[in-house]
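All residue numbers for the sequence shown refer to this note's numbering, where the first residue is 1124 and numbers rise by one.
It is possible that some hints are incorrect.
[Claimed, not checked] Below, a list of computed lysine to any residue pairs in the SDA-like style, where the Cα atoms sit at most 25 Å apart:
| no. | residue 1 | residue 2 |
| --- | --- | --- |
| 1 | Lys1263 | Leu1196 |
| 2 | Lys1247 | Asn1200 |
| 3 | Lys1211 | Tyr1134 |
| 4 | Lys1247 | Phe1237 |
| 5 | Lys1211 | Pro1230 |
| 6 | Lys1211 | Val1141 |
| 7 | Lys1211 | Ser1180 |
| 8 | Lys1211 | Phe1162 |
| 9 | Lys1263 | Phe1162 |
| 10 | Lys1211 | Tyr1188 |
| 11 | Lys1247 | Pro1206 |
| 12 | Lys1211 | Asp1243 |
| 13 | Lys1211 | Leu1256 |
| 14 | Lys1211 | Leu1261 |
| 15 | Lys1247 | Ile1191 |
| 16 | Lys1263 | Thr1242 |
| 17 | Lys1263 | Met1241 |
[Unchecked claim] Using C-beta positions, here's what the derived DEER-type ranges look like:
| no. | residue 1 | residue 2 | range |
| --- | --- | --- | --- |
| 18 | Leu1251 | Ile1185 | 37 to 43 Å |
| 19 | Ala1129 | Asn1258 | 22 to 28 Å |
| 20 | Ser1250 | Leu1159 | 22 to 28 Å |
| 21 | Met1158 | Val1181 | 14 to 20 Å |
| 22 | Arg1222 | Leu1182 | 41 to 47 Å |
| 23 | Thr1254 | Ala1129 | 47 to 53 Å |
| 24 | Leu1164 | Ile1252 | 19 to 25 Å |
| 25 | Ala1144 | Gly1232 | 17 to 23 Å |
| 26 | Leu1182 | Asp1243 | 31 to 37 Å |
| 27 | Ser1180 | Arg1135 | 43 to 49 Å |
| 28 | Val1141 | Phe1162 | 50 to 56 Å |
| 29 | Met1215 | Ala1151 | 20 to 26 Å |
| 30 | Leu1182 | Pro1218 | 46 to 52 Å |
These are calculated hints, taken from the structure and not from any lab test. The beta carbon of each residue, even a glycine, is placed where N, CA and C say it ideally should be.
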Amino acid sequence: VPVNFANLRDYRRGIIYVSSAGVLANFACAFISGMLFQFLLSLESLWYHSAAGHLVSVLILILGYSVIINCVLAIFNLIPVPPLDGSKIFAMFLPLNLRRQYARLEPFGILIIFFLLMTDSLNKIISLIITPLINFLLGK
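Whenever a hint applies, use it, and build me the whole structure from the sequences.
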């Protein structure tokens, strides 16, 4: 989403809030989907043999995928590599001189992300965080 950061009153805090909004929305969607997933699963004996049983099982499947997708998006977006939101949040905690040096990475951000994806190193790091989170939200 395009944002005019010049309109922010408190520049550093504003960037942190704006950059965190998408991540928090993903976590909120994952949490709500997880709660609905667990709720419907807990009532399985009521709907399993009913006429709506197939529909409810499809809904549970969709909610499970919603948890997974939103967790992956949230954690991936927190990676401190430009242009991801994690880089903006990380940069705001750096002193000004380091923030300027860190900003020089921005033209290479997509290349860094592709490298991390192609070498599978990103998957190993992210799965350490995502797997327990998904298991928790799905009640496993």
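(message) Of all the hints numbered above, which does this structure not satisfy? Sort the numbers upward.
(response) Hint check: 7, 8, 10, 14, 16, 17, 18, 19, 23 and 28 fail, others pass.
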